[in-house]
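Please model the complete structure; the sequences and the hints are all you need to start from.
Heads up: the protein sequence lines correspond to chains C and L, in order.
Start counting at 1 in the first sequence, then tack on 277, and there's your number in our numbering.
Start counting at 1 in the second sequence, then tack on 239, and there's your number in our numbering.
Just so you know, not all the hints are guaranteed correct.
As the list claims (entries may be wrong) - Sample of chain C residues at the chain L side, in silico, Cβ under 10 Å:
(1) Asp532
(2) Ser535
(3) Gly574
In short, the hints are calculated from the structure, not lab data.
Each residue gets a CB set at the ideal place from its N, CA and C atoms; glycine is no exception.
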Amino acid sequence: MMLALELFRSIPRYAAARTLGSRMPGLLVGPMAPVRLVTRDEPPVRHDGWARVRPLLSGICGSDLGVVTGSTSLYFSALVSMPFVPGHEVVGELLDDATDHSGAPLPRGTRVVIDPVLACAARGLAPCPSCASGRTNLCNHVTVGHVSPGLQTGFCRDTGGGWGEQLVAHSSQLHPVPDDLSDERAVLVEPIACAVQLARRAQVPSGGSVLVSGAGAVGLFATLALRELTVAGRITVIAKHGRQADLARSFGATDVASPDEAMRAVRRATRALRVAPAPLPGPAARIVGGAGEMLLGGVDVGVDAVGSTGSLDTVLRSTRAGGRVVLSGMPASADLSPAWFRELEVAGTYASSGDAFEVATGLARLAPLDGVVGGRYPLHRWREALDHAHSAGRLGTVKVCFDVRSRA
Amino acid sequence: MSRPGFVLEVDDRTPPLVVHEGEGFRLETFPRGTRVVYPPESLPGIRDADGAIRRALLEPTNSEPLPVLLTAGMRLTIAFDDISLPLPPMVKPDIRQRIIEQVLTMAAAAGVDDVEIISANALHRRLTAAELKDIVGERVFRSFFPQGALYNHDAEDPDGMLFIGETDRGEVVEINKRAAESDLLVYVNVNLVAMDGGHKSVPIGLAGYKSLRHHHNSQTMVNSRSFMDHTKSAMHHSAWRMGKLLADHLKIFTIETTLNNDVFPDSYGFLMKREWEWGVRDQASMLAARRGLAIAPKSVRHNLYQGMRAPYGLTGINAGETEAVHELTVAKVHQQQMVEVQGQSDVLVMGVPYVGPYNVNSTMNPILATCMGLGYYFNSYRGQPVVRKGGAVILYHPVEPDFNQLHHPSYVDFFEEVLSTSTDPAVIEAKFEQQYATDPWYIHLYRTSHAYHGVHPFYMWYWAAHAMDHVGDVVWVGADRKAVERMGFRAASSLQDALEMVSGTVGRSPSITYLHNPPHLIADVR
Numbered sequence: 278m279m280l281a282l283e284l285f286r287s288i289p290r291y292a293a294a295r296t297l298g299s300r301m302p303g304l305l306v307g308p309m310a311p312v313r314l315v316t317r318d319e320p321p322v323r324h325d326g327w328a329r330v331r332p333l334l335s336g337i338c339g340s341d342l343g344v345v346t347g348s349t350s351l352y353f354s355a356l357v358s359m360p361f362v363p364g365h366e367v368v369g370e371l372l373d374d375a376t377d378h379s380g381a382p383l384p385r386g387t388r389v390v391i392d393p394v395l396a397c398a399a400r401g402l403a404p405c406p407s408c409a410s411g412r413t414n415l416c417n418h419v420t421v422g423h424v425s426p427g428l429q430t431g432f433c434r435d436t437g438g439g440w441g442e443q444l445v446a447h448s449s450q451l452h453p454v455p456d457d458l459s460d461e462r463a464v465l466v467e468p469i470a471c472a473v474q475l476a477r478r479a480q481v482p483s484g485g486s487v488l489v490s491g492a493g494a495v496g497l498f499a500t501l502a503l504r505e506l507t508v509a510g511r512i513t514v515i516a517k518h519g520r521q522a523d524l525a526r527s528f529g530a531t532d533v534a535s536p537d538e539a540m541r542a543v544r545r546a547t548r549a550l551r552v553a554p555a556p557l558p559g560p561a562a563r564i565v566g567g568a569g570e571m572l573l574g575g576v577d578v579g580v581d582a583v584g585s586t587g588s589l590d591t592v593l594r595s596t597r598a599g600g601r602v603v604l605s606g607m608p609a610s611a612d613l614s615p616a617w618f619r620e621l622e623v624a625g626t627y628a629s630s631g632d633a634f635e636v637a638t639g640l641a642r643l644a645p646l647d648g649v650v651g652g653r654y655p656l657h658r659w660r661e662a663l664d665h666a667h668s669a670g671r672l673g674t675v676k677v678c679f680d681v682r683s684r685a
Numbered sequence: 240m241s242r243p244g245f246v247l248e249v250d251d252r253t254p255p256l257v258v259h260e261g262e263g264f265r266l267e268t269f270p271r272g273t274r275v276v277y278p279p280e281s282l283p284g285i286r287d288a289d290g291a292i293r294r295a296l297l298e299p300t301n302s303e304p305l306p307v308l309l310t311a312g313m314r315l316t317i318a319f320d321d322i323s324l325p326l327p328p329m330v331k332p333d334i335r336q337r338i339i340e341q342v343l344t345m346a347a348a349a350g351v352d353d354v355e356i357i358s359a360n361a362l363h364r365r366l367t368a369a370e371l372k373d374i375v376g377e378r379v380f381r382s383f384f385p386q387g388a389l390y391n392h393d394a395e396d397p398d399g400m401l402f403i404g405e406t407d408r409g410e411v412v413e414i415n416k417r418a419a420e421s422d423l424l425v426y427v428n429v430n431l432v433a434m435d436g437g438h439k440s441v442p443i444g445l446a447g448y449k450s451l452r453h454h455h456n457s458q459t460m461v462n463s464r465s466f467m468d469h470t471k472s473a474m475h476h477s478a479w480r481m482g483k484l485l486a487d488h489l490k491i492f493t494i495e496t497t498l499n500n501d502v503f504p505d506s507y508g509f510l511m512k513r514e515w516e517w518g519v520r521d522q523a524s525m526l527a528a529r530r531g532l533a534i535a536p537k538s539v540r541h542n543l544y545q546g547m548r549a550p551y552g553l554t555g556i557n558a559g560e561t562e563a564v565h566e567l568t569v570a571k572v573h574q575q576q577m578v579e580v581q582g583q584s585d586v587l588v589m590g591v592p593y594v595g596p597y598n599v600n601s602t603m604n605p606i607l608a609t610c611m612g613l614g615y616y617f618n619s620y621r622g623q624p625v626v627r628k629g630g631a632v633i634l635y636h637p638v639e640p641d642f643n644q645l646h647h648p649s650y651v652d653f654f655e656e657v658l659s660t661s662t663d664p665a666v667i668e669a670k671f672e673q674q675y676a677t678d679p680w681y682i683h684l685y686r687t688s689h690a691y692h693g694v695h696p697f698y699m700w701y702w703a704a705h706a707m708d709h710v711g712d713v714v715w716v717g718a719d720r721k722a723v724e725r726m727g728f729r730a731a732s733s734l735q736d737a738l739e740m741v742s743g744t745v746g747r748s749p750s751i752t753y754l755h756n757p758p759h760l761i762a763d764v765r
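Now the structure itself:
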């Protein structure tokens, strides 16, 4: 038996989360949470190529919080299987001898990080066209095969997840952790791999200007990857809090602006023209939405690293005509008029593929990541952990993790 | 007979004194021994202003009479000082209206048909139609504005500027093309303070960034000591060189006017009197004003102050050749504003009022407040600064971080971006000036909306460069703490606190001088 946090199906709690989640997040870590701490059987190894992993540290991601607070789109409801143990940013150690994604042997006790995507290989299926082309993050078979539906480990009832004391992972998901990489840095490899994917999808032109809206973990790692892996020129980051601004600069931002000042900062940096509709009287302004300011001109590439309506609106309105808008994280609804009028290329970026984990491991070694993991909680203090993660930016924290071994 | 200005030394009998602070004022008790510099009382205004104007045009200085210069078929341009003068704006009719009407009458009599009238706003904001009408009057406005013959100077119109040449120092002289190609340019000036007028009118008022950058920069400003004495001002020296070059290419007929110190309407007349001489009516007016301002919403206070019109009296009008005219003008300004002050002090105290040249019908933002206090008021001296080198300046103003988005869009960015990087005028100039001066959006707003040019906040900051270089400490009383800290200064809630804060610079028993301004004064520091 093992201790694990379990996300379960509860219509009343889901409804409560969706209604109140954004306004009263405190309720979601209290009695209204669709999460519970349970003692349950360890997930069994049922097929060849799978191995047991004992999580050491497991991060709390924005998408995890989205599920808990009911803000995730129902689009994903058919791609998960309830109840499941969340947690897909995992550094753990192998409890069985295994092989890694390339077939190299990994003896029991090896520290590994997990590429959470449950693609064709993990499901015992012949590769779909996406997997055959190496783009496993776009696998078409995430609902069929050996394991229950689940787009990733941490959203599938059969595999367990990082918020439990044990999970199972397929060899295609395993990446060994170098000895000189601490657990605190290793747990960041998965989100950094996502940022590597983002940097590649951004297709930044040489010397191009980039706007990263948001300076949480997604935005900061995106900034790091864009600076290290692309030929971007000026990178402007929108940061709400002081520590986020400092970190953004240390990760490679050229300049940092507050959300209120973002449009002005981009306009200055790109010498664009700013257009604002004539102000309407108070009540009329509230009724007529979508009448915000916009730029004619702007950045070459805009990255929404928040997933809120405001952030996506800002990015769409500050990207130059013919520019590229990259959606990182689960996007909210927004006015797509700029995408039409400015002929923007809107590109999603989901998880990672190819050698992103190797590149991310290299970045995790060299980047100034000390102190980025700002909170470590044992599983039984999950309410505090989620509360902390929910207010991470305000509290000066980038990443909150469960220290699965800890009983303190 | 108006009394001259004088210096009061505060003693036990001295009542609390008026100190202006934005859209309000306070009564401040100064430490014993504080020197208070009062401006001279208003000189009597000329009773027959129209007659004086006519005489000036017919009997000019170093020039033929205006009617002789006007010939049928000629191209005549009349340029006038924009809304930044006088401060506050004057009650109607504006003196510029009276002058322009007489010039036009003479032009009509001579059969001059090709006449255009230009507001010489340099890189200032375009005046609205109503503001143009306030200055030139209904009759001139109706005759010229609808035909497009009354308009604002546009320094960014690529087809509207003409390169004249370079001075012997390599300074580019480029001015408004219509003015430059005219057979005669008549310039109508309001010489509120000694800094105005002379060759500062045409070579600056009708110029653009290419010319202005030669004298509106941190180096020149630091070496202008002071702006109120054009013989010792590097900025004026540059303008004079440009003016001499211009005079070789263009016939300019300069008309300069001087005003008295009646800067407040009758209901605020107590603000122009010495406090111990307030009568019952003055006391009542003061109390009513204080109580009213205390309870009035901010917008009401703003409208009340911005709606104020000064009943200035005309003290002089001179016309003719620019330099000769200006000498007469400066002498008149000195007669109205000069006060002799013996020696410097450790601390200079000044109240920054609600209006400066660049917030008429607008908002005095933190940069404009700094320009007003450390730029214009600090420089309101002749000889040497009122405060000693390394001394302290204490200013009164709320310094609220409020910006008028229509008039001052680049100021917002300057405050947020530039000042958060550095407050050193030279550093700012090197790093940011070009970017702001050539920003297409600021240029667009300057040309089509009512925005000051993108480079304008830099110039405002440079105005304060001499003060920032000279003094060791600047403290604002009653100011928004964050706003003044952004600008590299400190805030205090009272004069006592401010004196305590500057004690590290000037000691615990500093000599203090308070400039009781407005009305305008120039401290002639011996």
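Hint-by-hint comparison with the structure:
1. Asp532: holds (8 Å)
2. Ser535: Result: holds, 9 Å to nearest chain L Cβ.
3. Gly574: At about 8 Å, which falls below the 10 Å cut-off, the nearest Cβ of chain L leaves the hint on C:Gly574 intact, so it holds.
This entry satisfies every hint, going by the numbered hints stated previously.
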